[in-house]
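Spelled out from the first residue to the last, the chains are:
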Amino acid sequence: MIKTLGLRKSFTTRHGTVDAVRGVDLTVDEGEIFGFLGPNGAGKTTTLRMLATLMKPDGGEASIAGVDLLQDPGEVRRRIGYVAQGGSTLDDSTAHEELVLQARLYGVSKSEARARTARILDSFQLTDYAERKCKTYSGGQRRRVDIALGIIHEPKVVFLDEPTTGLDPQSRAHMWDEVRRLRDEGMTIFITTHYLDEADALCDRISIMDNGAIVASGTPSALKKEISGDVVRVGVALPAAAAAALSGFSRVELHDDSVRLYVEDGATAIPLVIRALDSAGVALGTIELHRPSLDDVFLTKTGRSLREN
Amino acid sequence: MLRDTWLIFQHQFKALLRNPVWILVGVFQPVMYLLLFAPLLKPALGVQTNAEAYEIFVPGLLVLLAIFGGLFQGFGLISELRAGVIERSRVTPVSRLALLLGRSLRDTASLLAQAVIITLLALAFDLRVFIGNLLLAYLMLALISLMTSAVSYGVALAVKSEDALAPLMNTVAQPVLLLSGILLPLTYAPGWLQGIADWNPFSWAVNGVRALFRGDLGAPAVWQGLAIMAVLAALAVAWAARLFARSIR
Chain A
1 MIKTLGLRKS FTTRHGTVDA VRGVDLTVDE GEIFGFLGPN GAGKTTTLRM
51 LATLMKPDGG EASIAGVDLL QDPGEVRRRI GYVAQGGSTL DDSTAHEELV
101 LQARLYGVSK SEARARTARI LDSFQLTDYA ERKCKTYSGG QRRRVDIALG
151 IIHEPKVVFL DEPTTGLDPQ SRAHMWDEVR RLRDEGMTIF ITTHYLDEAD
201 ALCDRISIMD NGAIVASGTP SALKKEISGD VVRVGVALPA AAAAALSGFS
251 RVELHDDSVR LYVEDGATAI PLVIRALDSA GVALGTIELH RPSLDDVFLT
301 KTGRSLREN
Chain B
1 MLRDTWLIFQ HQFKALLRNP VWILVGVFQP VMYLLLFAPL LKPALGVQTN
51 AEAYEIFVPG LLVLLAIFGG LFQGFGLISE LRAGVIERSR VTPVSRLALL
101 LGRSLRDTAS LLAQAVIITL LALAFDLRVF IGNLLLAYLM LALISLMTSA
151 VSYGVALAVK SEDALAPLMN TVAQPVLLLS GILLPLTYAP GWLQGIADWN
201 PFSWAVNGVR ALFRGDLGAP AVWQGLAIMA VLAALAVAWA ARLFARSIR
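Chains as they are written, first to last, in the UniProt record's numbering: chain A, 1 to 309; chain B, 1 to 249.
Just so you know, the hints here were simulated from the structure itself, not pulled from any lab data. A hint or two may mislead.
Said to hold, decoys possible - EDC-like mimics (lysine to aspartate or glutamate), calculated; alpha carbons at most 20 angstroms apart, straight line: (1) K14(B) x E131(A); (2) K3(A) x D25(A); (3) K133(A) x E80(B).
Treat the numbers as computed from the prediction; the structure is a model and nothing was measured.
Start from the sequences and build out the full structure, keeping to the hints where you can.
Written out as structure tokens, the structure is:
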């Protein structure tokens, strides 16, 4: 659905040239939620704005929904939706007004635009507020209006730039449900986020971006597995005895009050650990499974923690 | 393109009507000029009747309104930029020219509404003007307004901040105003000042509108003013539409 090759963009500022995006290759498949994870300033938004025809790439190529981005940006615009990070409504206009206009700007007739607006307001649970001014909406409502505006023309691909930034946890969960619903309706969704949990919970596949380049790509679970595997921490009174009993595992670390095992898949390792300790007669205190987070992935790939940003 | 322009125009006009105070605010200052400044004119200009004084003063007032009304429209665009409305429009296949023209024509329509109110008030002060001439004068005002609002939108897109737009527009507007003979005809000016004013396109426009209000349809100032304003309006619209098309940030 989206394919890019060597996409580049630099900006000239007073202090010299900044390479914001330096050669991004990525493939997004139809019907998936694809996430761009990275700290602020990593080049996520710049990449997104290039793909959304708002900014001309300095180099590289891209095709979106079967159309070449550089050759025919006009046709790309018909096939994509874009929801900017900072919102897209004036305080004094109403959701209904904006949605009807937005649909009509895509060439939809007046009656069809009204019908679509009614449907979309209903599906985003905005019908009750549709005639009120946008400034009276809550943060979550206003963001839902932004997304409704981005998909009123039923695009094949929708780009969401940091869709949950600034939302409270409940609105955030609600927004995730909306995004999943759009995917289930057949849309391809490309989101950027700097929240680890969001990338983990929402995205089918992610690319981790840092300093203008992609440093890792894959499903969240594959990425975590690839990087560090799982950690099983076994709390015991006699760690040395436990370590001896668990010598069948490849990586065993001895600590004061525990033994740590680094394994591929913690869930299947736990029964084996218990059985091994049992048959060796070592009394087991506690056992816990620590799954690596995407932050561990980021740390391994870039040498920095995402949380520090 | 026409359909897009009409859609943007309608939407913008609706936004304007939500806040009907604009028409009162827009008319208040010119009415103050009519009531408090115009009475000085009869003796100052050495004319015989009120009607004559108004023939000279009302055209200047209307042109003034068109220039200033247009030049300050950029502020609305900056708040739209900030709210993300412009960026959202840019991702749609809407014509870039329509994004500008829909807005500028809205400004022109609201200016003409104000011009009609002021003309009607001036009629109460004995001003008399042929309807055909009046319509031509309104065409001139429409071209001025189209130009100045396009310039204002273009500058707003370029500077993207109210803090930069306000001083810039004021700096442009003041010499334009003084060199256009809007408040007093430049026939009273010394030669060197008239020479400079000849380079000010708005002084041609003011002369044209004055000729029309005088009933002098055949005066060269009429077609000269209209031609100059039409060319400048076209240039301003083309320039600002290009800025709408260019991706920013």
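Quick rundown of the hints versus the structure:
1. K14(B) x E131(A): Judged against 20 angstroms, a Cα distance of about 14 angstroms means the pair holds.
2. K3(A) x D25(A): Within the cut-off at roughly 7 angstroms; holds.
3. K133(A) x E80(B): 15 angstroms, holds
In this structure, none of the earlier numbered hints is contradicted; all agree with it.
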